[in-house]
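Please build the complex by placing chain V on the supplied structure of chain C, with the hints as guidance.
2 protein chains.
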Amino acid sequence: MKNCIVAQSGGPTSVINSSVIGIFKENLKQKYFDNVYCGLHGIEGILNNYIINLTEIGYENIKHFKYTPSSGLGSCRYKLEEFNNCNEDYLKLFQIFNELNIEAFFYIGGNDSMDTVDKLSSYAKEINSHIKFIGIPKTIDNDLYATDHTPGFGSAAKLIATTVLETYLDSSVYLNNGIFILETMGRNTGWLGASAALAQLDGQPVADFIYLPEQVFNMDKFLEDVRRKYEEQNKVYIVVSEGIKNEKGEFIVESEAMPHDEFGHKQLGGIGDLLKEVIINSGITSRVKALELGVMQRCAMHCASLTDIEEAFNAGAHALELFNKGYTGVMVAFKRISNNPYKCIMEDVDVKLVANEIKYFPKEWINEAGNHVDLRALDYLRPLIEGSPQLEYENGLPVYKKLI
Amino acid sequence: MKNCIVAQSGGPTSVINSSVIGIFKENLKQKYFDNVYCGLHGIEGILNNYIINLTEIGYENIKHFKYTPSSGLGSCRYKLEEFNNCNEDYLKLFQIFNELNIEAFFYIGGNDSMDTVDKLSSYAKEINSHIKFIGIPKTIDNDLYATDHTPGFGSAAKLIATTVLETYLDSSVYLNNGIFILETMGRNTGWLGASAALAQLDGQPVADFIYLPEQVFNMDKFLEDVRRKYEEQNKVYIVVSEGIKNEKGEFIVESEAMPHDEFGHKQLGGIGDLLKEVIINSGITSRVKALELGVMQRCAMHCASLTDIEEAFNAGAHALELFNKGYTGVMVAFKRISNNPYKCIMEDVDVKLVANEIKYFPKEWINEAGNHVDLRALDYLRPLIEGSPQLEYENGLPVYKKLI
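Chains as they are written, first to last, in full-length UniProt numbering: chain C, 1 to 404; chain V, 1 to 404.
Same shape as in the complex, but just chain C:
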């Protein structure tokens, strides 16, 4: 009896479940494992024995899971201690793995999760366990090192670009328009913010300005940008990454945050709301709207990229191949061969290269004025949002499958 176990960790994406089905279906073909188990809520759940058997549930009952957004196996943000400090978690995990005849553990996650894969594979070598630990990349932020991009990013980018296009049309219907600010996620990196540049009409980006964390943000220069553009065209469309920073490297949303009021209430809202307030106070115009896309960026399967879904699926399938070749302590990675036609191959990278590292948006792809991105960014981004899935609908809504 040879089994494997799959789990998810960190923030959800629209396509993370597609990697689970990729593992499951590839195994139906290759028959490496008798059972594909799933750990619910990442290693935190596995430590509590929250485990289901996907093979027993059967493909017919989970076929919609490939197109179900968000971490369908549940997630966690559980950081494993170094194994020489606190062995208890390791002992327990390996005991559970051994009881279930686990030969391979597939962990779908970001840089924190790859740290877990690194630690568990190192520990396995230390104790001469044959269990293989393989990482499958996932994050909407696209900030993983050693891979061209990450599953989950393309769908988030597609939602952002689609929303920019649609809200731009919404924000320019009057004779006297105002200023529109769209806030994207992305933490320290500008990949998601940059994807707003994909939204174009007549071959031109509809966003007038895009501000990314990789470029020092200067409030005076920002107001100058906005004032000039507003005088010029009577409307301004601004995209801002949540993580933009000042010259000291501090987040603008923290350094420029409005003071607490007398009751100690914290001011609500993120960078979009803050810039809205700054623009209104500057006197440019009081007609300012801010929209924060929030978690929609990581779960809008109805607007997902088919390329992204299929790549997430293939990453799962490829992880099985890496197991079959005897690899451990590696992550599936994407290597881009060409943009046009788009071609990516999959390879393996040492998880140590990925764990706890951050891949930033290339500064050279930001324009000289520091308020937009150039054609290289568009060439990189465009293939990742191609294609739309044919979701099954019932009563006007997509059919999703819940496992937890």
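Simulated from the structure, these hints should not be mistaken for lab results.
Do not take every clue at face value.
Given that identical chains are not distinguished, each listed pair holds provided it fits within a single copy or across any two copies.
[Unchecked claim] Computed cross-link-like contacts, EDC-like style, restricted to lysine to aspartate or glutamate with a CA-CA straight-line distance of at most 16 Å:
hint : residue 1 : residue 2
1    : K2        : E56
2    : K343      : E82
3    : K401      : D202
4    : K402      : D202
5    : K2        : D350
6    : K92       : E81
7    : K402      : E99
8    : K25       : E310
9    : K402      : E392
Frame of chain C; chain V shown alone:
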């Protein structure tokens, strides 16, 4: 030479342009008019002679317009004075209409716009003008009197229900989850908020609570609802209409607004952010997220209802029929014949019945606890979100056509 003119007014919807194409294509068949003109930015634009000729532009160049969200002819919020007080606008409009040999004016809008149709048709009778004035309903709020529903609502409802489903999945992945609040538009009415009940998994609505303006909102009872549910299931999904009111009829977002801070900054955010703050301050949990869908509700064509698009189109076509029958001062209205199978017919109603009136969500469709809606609401809502358009995509994004 017989011509007509079409214009749009008020807030955008995803499908408002479909009504323009409905007029245009029906006229290609019926040939009532030699030219279909469009007034840009409603009557405010027409008064400034912002007029284009759709017939000259030709169908091939505007075929994507049917699937382009937001008021593609531009909009305005221009209130016509009573014609006995200030005739200048009337004189100018009728002069422009006469110069263009206009026989019919089609105005696509909500209750304010129907007030304009009412005034212009009354004035035409007064001066013995033969020009016909016909209204075509449009509003995401679904608050127009004398029609079963309004084009634009179904698509907004579909976006809301889809987003509730997807963000529910996103908000329940951890072992310890928090509270999620989704804020919908709808001003004084609960139609949009109620549509969140369409989002179901395993036959049950995923939203635990839905609060609508038609039901007096009591903050203590709200906190009781939330506390009980959070203790029960470790997560709570709340939907709230922007316009909920207290027993005095005051908007909660105004009556309970947090005080300005020492610098006079206004607290940002709407009712969702306010309830988030109230929950955190109550000590139930600090893990609370609020999402405001904002203008996406009125422009997300990528998630539109096909039923809605086609009904908007048909309403345009039907307006031509009303002209042909010699009607003026009327609005196209929908009358529902049956829910299952869904069948609606179109009729005409006197715009006086619609102008400046508000149709509320039926209070009897709200549950006894005042925090959800019942099956009658679902039966009413479900057919309106059926079907998805097959949009044309280019570079991974929908192809939209701009006319202004």
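To see whether the hints hold, each was checked on the structure:
| no. | hint | verdict |
| --- | --- | --- |
| 1 | K2 x E56 | within (15 Å within a copy, 71 Å between copies) |
| 2 | K343 x E82 | neither (39 Å within a copy, 65 Å between copies) |
| 3 | K401 x D202 | between (39 Å within a copy, 9 Å between copies) |
| 4 | K402 x D202 | between (41 Å within a copy, 9 Å between copies) |
| 5 | K2 x D350 | neither (25 Å within a copy, 74 Å between copies) |
| 6 | K92 x E81 | within (13 Å within a copy, 78 Å between copies) |
| 7 | K402 x E99 | neither (27 Å within a copy, 63 Å between copies) |
| 8 | K25 x E310 | within (13 Å within a copy, 39 Å between copies) |
| 9 | K402 x E392 | within (15 Å within a copy, 31 Å between copies) |
Checked against the numbered hints above, the structure breaks hints 2, 5, 7 and satisfies the rest.
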